[in-house]
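Start from chain A and add chain B according to the hints.
Okay, here's what each chain looks like letter by letter:
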Amino acid sequence: MQQQTQSGAVSGVPSAAIPKVTGVFVIETAKQGVNPQQIMAVIPEEIRATTKLYLEGKIREWYSRGDGRGIVFLLDAKTEDEARAIMETLPLAKEQLMDSQYIPVGPLMPLRALVGTGAQP
Amino acid sequence: MKFRIPLILALLAMMTFAQAQSGAASGLPSVAVPKTTAVLVIQTPKQGVTFQQVMAVIPDEIQATVKLYLDGKIREWYSRGNGKGVIFLLDVKTEEEARALMDALPLAKAQLMDSEYIPVGPLTPLKALNPAAFQ
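Sequence lines, in order, name chains A and B.
Here the first sequence stands for residues 1 to 121, numbered as in my numbering.
Here the second sequence stands for residues 1001 to 1135, numbered as in my numbering.
Just chain B, with the same shape it has in the complex:
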């Protein structure tokens, strides 16, 4: 145990350094950050959740989801090709707003789903088509 503590500290230091390096390195320059115009939500059943568990909540989920669509909050909606979950494109400006909408839905309240949030916006590389005009 005694010699493991310095080893663990060394590993933590290395990981932090690597994270800082890669955080700057693997991230694109700030010019690549768009204005957020929507949030993509990828929602899949949690590990171990059965289709039957989901189906029990689905009638309520459909009602609540269609309501959001009619309110203009869901811009696009898809089923995943493997039948396990959905992808929504939400008309919101932040991940927090997206979470608030999704957390209010029956499937989320029943704790049956995992959700991944990806804020998105216009394709910023297009600025390079005319840098003088598009900045």
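Only chain A is shown next, with the shape it has when bound in the complex:
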């Protein structure tokens, strides 16, 4: 885990490489030892709540993992905290059945190098 200051500066990385955060990936998998029945019991409510978030524009993209172990969402959030707040309203998270990994993302900064002279990559 890397420590970040408020400004998002991370040691060894110039600020030009830090993107404006435009979304947060959430990778959610069933906790070790949780059995499928526990999850399936909550799924109807989870679908309702998740679809609501999607219709509100909070979930920009949603996927099931190819290994069947959980889901990947791209949330319309500006910070990891915002993303957590969104996920923690969902039933599966409230039941403590899932592990979540949050990855804030933004535009691909290396493309800056393609944009005219004087633009520092």
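Don't take each hint at face value.
Said to hold, decoys possible - As a list, the in silico DSS-like pairs of lysine-lysine whose alpha-carbon atoms are at most 25 Å apart: (1) LYS20/A <-> LYS1084/B; (2) LYS31/A <-> LYS1127/B; (3) LYS94/A <-> LYS31/A.
Said to hold, decoys possible - Chain A stretches covered by chain B per the calculated footprint, using a threshold of three residues with CB under 8 Å from any CB of chain B: (4) 40 to 48; (5) 68 to 80.
Calculated directly from the structure, the hints in this document are not laboratory data.
Values in this document were obtained by computation on a predicted structure and should not be read as measured data.
Think of the CB as a built atom: it goes at the ideal place given N, C-alpha and C, for glycine as much as any other residue.
For chain B alone, coordinates are given in the frame of chain A:
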């Protein structure tokens, strides 16, 4: 040493059993497995790699990556919020296909990056909205 061998065997047996248990337990039923429509790749610099080492390869990396994007192989691309690495959503059907694409890129060839691959597909829980229709 003599008494450690049975202990190690016991531990291995326990771990295998726990793995088998949790493999079935923590995995979701096969109905949860989607058709793979893309592979998410999370690529970060290896431990100890400096920003300068990465920057030396970046001009070539940009060219190769943009080419893949224009070929339709990279559906989405992002920089990580901490500036250390990228996330791509690749238009491929298997992890092997994804690896083949990524391994051909300059940063990977220079052995500077760690890559995590997550095949993904449509959100299967939506089947429950109309089980009769969606199976």
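Here is how each hint holds up against the structure:
1. LYS20/A <-> LYS1084/B: holds (13 Å)
2. LYS31/A <-> LYS1127/B: holds (23 Å)
3. LYS94/A <-> LYS31/A: With a Cα-Cα distance of about 13 Å, the restraint between LYS94/A and LYS31/A holds, given a limit of 25 Å.
4. 40 to 48: The restraint on the region 40 to 48 of chain A holds, since 5 of its residues have a Cβ under 8 Å from chain B and three suffice.
5. 68 to 80: This one holds; 6 residues, not fewer than the three required, reach chain B with a Cβ under 8 Å.
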